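Visitor: So the chains spell out like this:
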Amino acid sequence: MKTLDAVIAESPVFAGLTQEQLEFIAGCAQNVHFDEGQQIAKRGDPADVFYLLRMGEVALDIDVPNKKPVRVDTVEPGQVLGWAWLIPPYQWNYDVTATELVRAVSFDGACIREKCASDNELGYALLTRFSQVIVGRLQATRLRLLDIYGTDSH
Amino acid sequence: MAQTLTETAGSLEAMTPVPYAVTATRQDTYDTWTLELEPVNGAPIVPGPGQFNMLYAFGVGEVPISNAGNFETDERLVHTIRAVGAVTKALCAAEVGTVIGVRGPFGNTWPIEDAKGKDVVIVAGGIGLPPLRPAIYHVLKNRKDYGRFVLLYGARTPSDMVFLDEVKSWQSNYDVDLDLIVDAGDTDWKGKVGLVTKLIPPANFDADVAKGFIVGPEIMMKFVAQELMNRDLPAESIYVSMERTMRCGVGLCGHCQVGPTLICRDGAVYTWAEVEKLLAVKEL
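Sequence lines, in order, name chains Y and Z.
Going by the numbering used here, the first residue of the first sequence is number 1, and it counts up by one from there.
Going by the numbering used here, the first residue of the second sequence is number 1001, and it counts up by one from there.
In case anyone wonders, no lab produced these hints; they're calculated from the structure.
Computed from a prediction, not measured in an experiment: that's the story for all the values here.
In this text, a Cβ means the ideal position worked out from N, Cα and C, and glycines have one as well.
Any given hint might turn out to be false.
[Stated by the list, open to error] Here are the simulated lysine to any residue pairs, SDA-like style, with alpha carbons at most 20 Å apart:
(1) Y:68 / Z:1282
(2) Z:1190 / Y:22
(3) Y:68 / Z:1170
(4) Z:1282 / Y:143
(5) Z:1190 / Z:1222
(6) Z:1282 / Z:1244
(7) Y:67 / Z:1159
[What the hints assert, rightly or not] One-sided excerpt, in silico: chain Z residues whose CB lies under 10 Å from chain Y:
(8) 1128
(9) 1155
(10) 1183
[As the list claims (entries may be wrong)] Okay, the calculated beta carbon distance ranges per label pair:
(11) Z:1232 / Y:10: 30 to 40 Å
(12) Y:141 / Z:1016: 43 to 53 Å
(13) Z:1044 / Y:68: 17 to 27 Å
(14) Y:32 / Z:1046: 37 to 47 Å
(15) Z:1021 / Y:68: 55 to 65 Å
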């Protein structure tokens, strides 16, 4: 069975961090699981944690008045769920629900954030990595604005 | 070997619609219908996977529509049509018993023989699934002849997916890696949300021995082909089905010309290596 720091080190998000940095982050991490249908976060809640998904998928939903919530994205195993812990005002932007049994590593974002404030090297390393996550989601969202299925086809 | 009328360009046979009766219709989405057709008399047209027919709504006009039938078990012609213009609206409004004209089959086929022994990765977007359906059924029927079979299907919303019940039945096959994704869903949607390209990085295939077949709007095919190449699948192993306004179907009129190629005559199936640069030219 892999240790938490081994699992974390394998994630592209944390690749390249020093052993000391990985050990600190692993010290702020724990294994968690969520049952199918369980709400993981609610829009507006304090974003003091983030997750590295190991198994199962989660859905990001937005409430629309007088309509069913709209499912705007899903996060799959190997991906990071949550970046709002790093960016003010540190609040979840979506309702997050496990669509199946989810196993994940949970990180104490508030603790890591405090450390980042005093350890600029770690702060820069994490900000760079999470910027890539955010940019990836921004690009995917922009591509969806193209409505790529909406034009001609057979 | 599938018949093709492209080789008989200019002949009376190639240009004469054969009467076919609509034997079944089904509304797939708010603007898309599937018609099943049988010849009024005479032998049926036998298309190959990837070929198209010209469908003629008498008194309205003619349009090219890909074959979507399961040729492995059924000789009926199946065509899925989006109602976007006068002709396609007339075809979609056809009731059982309506007679329409059919010319074809035209064009080339998916390289399903070349793909034998290799992994097959099929990526469909929206109404792009039906043109791939004959190839999918061929692989499913001859499953042992192929390696891993990956089928990725994306659409705007769950209600824009066609043949969804059938797709879900394929999902129950243990030897098919099938994944669905929509741009946006509701909380009843249990699949993934995002672009279909998101399904490619984790897909289970070996790029050294894989063939990719893509159908969808050109912009979708462009992003999917790029993502497949990011997985090291060569452009020569990626096949797309092109669409342009086709009129004659036999390479005479030039309506479907893209650069040096006439899609009805030389395609509609091309390797990405053949069309990537052509599609980058705005004027084409």
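Visitor: Assess, step by step, whether the Cα of residue 1190 of chain Z is no farther than 20 Å from the Cα of residue 1222 of chain Z, and give holds or violated.
Guide: The given pair, whose Cα atoms are some 27 Å apart, is violated under the 20 Å limit.
Visitor: Quick one, are residue 1282 of chain Z and residue 1244 of chain Z close enough, alpha carbons at most 20 Å?
Guide: Given that 20 Å is the threshold and the Cα spacing comes to 14 Å, the pair holds.
Visitor: Decide if the proposed pair is consistent with the structure: residue 68 of chain Y and residue 1282 of chain Z, CA atoms, cutoff 20 Å inclusive.
Guide: Violated, at about 40 Å.
Visitor: Taking only the CA atoms, is the gap from residue 1190 of chain Z to residue 22 of chain Y under or equal to 20 Å?
Guide: Violated, because 34 Å separates the two Cα atoms, which is more than 20 Å.
Visitor: Range first: 43 to 53 Å. Now tell me if the beta carbons of residue 141 of chain Y and residue 1016 of chain Z are that far apart.
Guide: Because 50 Å falls inside the window, the suggested range holds.
Visitor: Holds or violated: residue 1128 of chain Z as interface residue toward chain Y, Cβ cutoff 10 Å?
Guide: Residue 1128 of chain Z check passes; min Cβ-Cβ to chain Y is 5 Å, inside 10 Å.
Visitor: Tell me if the interface restraint on residue 1183 of chain Z is satisfied: Cβ within less than 10 Å of some Cβ in chain Y.
Guide: holds, 5 Å
Visitor: Does the Cβ-Cβ separation between residue 1021 of chain Z and residue 68 of chain Y fall within 55 to 65 Å?
Guide: About 42 Å separates the Cβ atoms of residue 1021 of chain Z and residue 68 of chain Y, which means 55 to 65 Å is violated.
Visitor: Does the Cβ-Cβ separation between residue 32 of chain Y and residue 1046 of chain Z fall within 37 to 47 Å?
Guide: violated, 57 Å
Visitor: For the range 30 to 40 Å, tell me whether the beta carbons of residue 1232 of chain Z and residue 10 of chain Y fit it or not.
Guide: Between residue 1232 of chain Z and residue 10 of chain Y, where Cβ atoms are some 21 Å apart, the hint is violated.
Visitor: Take the shortest C-beta to C-beta distance between residue 1155 of chain Z and chain Y; is it under 10 Å?
Guide: holds, 6 Å
Visitor: Note whether the CB distance of residue 1044 of chain Z and residue 68 of chain Y lies within 17 to 27 Å or breaks it.
Guide: violated, 45 Å
Checked against the numbered hints above, the structure violates hints 1, 2, 3, 5, 11, 13, 14 and 15; every other hint is satisfied.
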